[in-house]
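With the hints as constraints, model all of the structure from the sequences given.
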Amino acid sequence: MTAPHGTTEDLVTTGDLAPALAREEAGDPFVLGGATFTSRLLLGTGGVPSLEALEASVRASGTQLVTVALRRVEASATGSMMEVLDRCGVRLLPNTAGCRTAREAVLTARLAREAFGTDWVKLEVIGDEHTLLPDAVELLDAAEQLVAEGFTVLAYTTDDPVLGRRLADAGCAAVMPLGSPIGSGLGIRNPHNIALLREAVHVPVVLDAGIGTASDAAQAMELGCDAVLLASAVTRARDPERMALAMRQAVEGGRLAKLAGRIPRRWHAEASTSFTGLPEL
Amino acid sequence: MQVTVNGVPAELPDDSTVADLVARRAGGHDRVAVARNGDVVPHSSWARTTLAAGDAVEVLAPTAGG
Numbered sequence: 000m001t002a003p004h005g006t007t008e009d010l011v012t013t014g015d016l017a018p019a020l021a022r023e024e025a026g027d028p029f030v031l032g033g034a035t036f037t038s039r040l041l042l043g044t045g046g047v048p049s050l051e052a053l054e055a056s057v058r059a060s061g062t063q064l065v066t067v068a069l070r071r072v073e074a075s076a077t078g079s080m081m082e083v084l085d086r087c088g089v090r091l092l093p094n095t096a097g098c099r100t101a102r103e104a105v106l107t108a109r110l111a112r113e114a115f116g117t118d119w120v121k122l123e124v125i126g127d128e129h130t131l132l133p134d135a136v137e138l139l140d141a142a143e144q145l146v147a148e149g150f151t152v153l154a155y156t157t158d159d160p161v162l163g164r165r166l167a168d169a170g171c172a173a174v175m176p177l178g179s180p181i182g183s184g185l186g187i188r189n190p191h192n193i194a195l196l197r198e199a200v201h202v203p204v205v206l207d208a209g210i211g212t213a214s215d216a217a218q219a220m221e222l223g224c225d226a227v228l229l230a231s232a233v234t235r236a237r238d239p240e241r242m243a244l245a246m247r248q249a250v251e252g253g254r255l256a257k258l259a260g261r262i263p264r265r266w267h268a269e270a271s272t273s274f275t276g277l278p279e280l
Numbered sequence: 000m001q002v003t004v005n006g007v008p009a010e011l012p013d014d015s016t017v018a019d020l021v022a023r024r025a026g027g028h029d030r031v032a033v034a035r036n037g038d039v040v041p042h043s044s045w046a047r048t049t050l051a052a053g054d055a056v057e058v059l060a061p062t063a064g065g
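Respectively, the protein sequence lines represent chains A and B.
Per numbering that gives the first Met the number 0, the first sequence starts with residue 0, numbered consecutively.
Per numbering that gives the first Met the number 0, the second sequence starts with residue 0, numbered consecutively.
None of these hints come from the bench; they were simulated from the model.
Incorrect hints may appear among the rest.
[Stated by the list, open to error] Under 10 Å between C-beta atoms, here's a sample of chain A residues computed to sit facing chain B:
hint, residue
1, G26
2, P28
3, S38
4, T66
5, L69
6, V72
7, L84
8, N94
9, R109
10, A111
11, F115
12, G116
For every residue, glycine included, the Cβ atom is placed at its ideal position computed from N, Cα and C.
The structure is reproduced here in structure tokens:
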């Protein structure tokens, strides 16, 4: 029986999108540090307003890799953030946030390995308190030391393609250029550099820092980034859970668009409807 | 004896171990890391690492972070 236009057939077509997406994910795994992920969105927990918002955001984002930090223990604190993350079944990525020297970062990574039982580390070495921009010299030094100690190093870096190549050559598992300063929400200030960096290295490139909204995440993927890491854009959004879902879809959409191949930009219009057979009216 | 724990002077019984300090300061956490005078003290050696007067100890636990 033929369904009336606009009802059953449309629903069937819509329902077919899910298997298509599943097919795309299955055929497009994200391999990082020897592990395989289906999600290309890494979520930071910094700035999260509540444990409820954290759990809702993690689940809505579909992320499989979540950053955490180490700080001086507080008597009143409990381990409940870790309980939430354990319950969500995500892999943990400790960071070295706040470190200013290679020495501090290496020690923090070693402490994180003890605490979290992982040799994965998001390496951050900050050189300026106002911009939180990476200190390139200390960063490369720390990366070399940590790689030598067997760490899987994901290096938070500037968008400099030459530094990115040095970090990749040092053995980093991923190079993670900023789009703009941490927490600024300014998006990707130099898309050209991000694309050049993607060309310059053979390891995954993860756009890290500066994402403000979903279009920024999609742009990162369209530029060729392998994944996106963001925290504030979700945790400080008015509705973190909804923004987490938006970011998930943006990353998926941007990745699909990159794989699909965008059309060239043109100065003038090119008709999409043929002029052949145009009636003279 | 007097030691420094997380930047603050603290009085501990003589012969306290790292394990004793962690139990006292971080009982609610199951993922803790300890540095003593700038070096990591592995979990496996907490119980046999005795603190000395003047030690600077950092007791760290997970927190949110980007």
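Item to check | Violations among the numbered hints, reported as their numbers in ascending order | outcome: 1, 2 and 3
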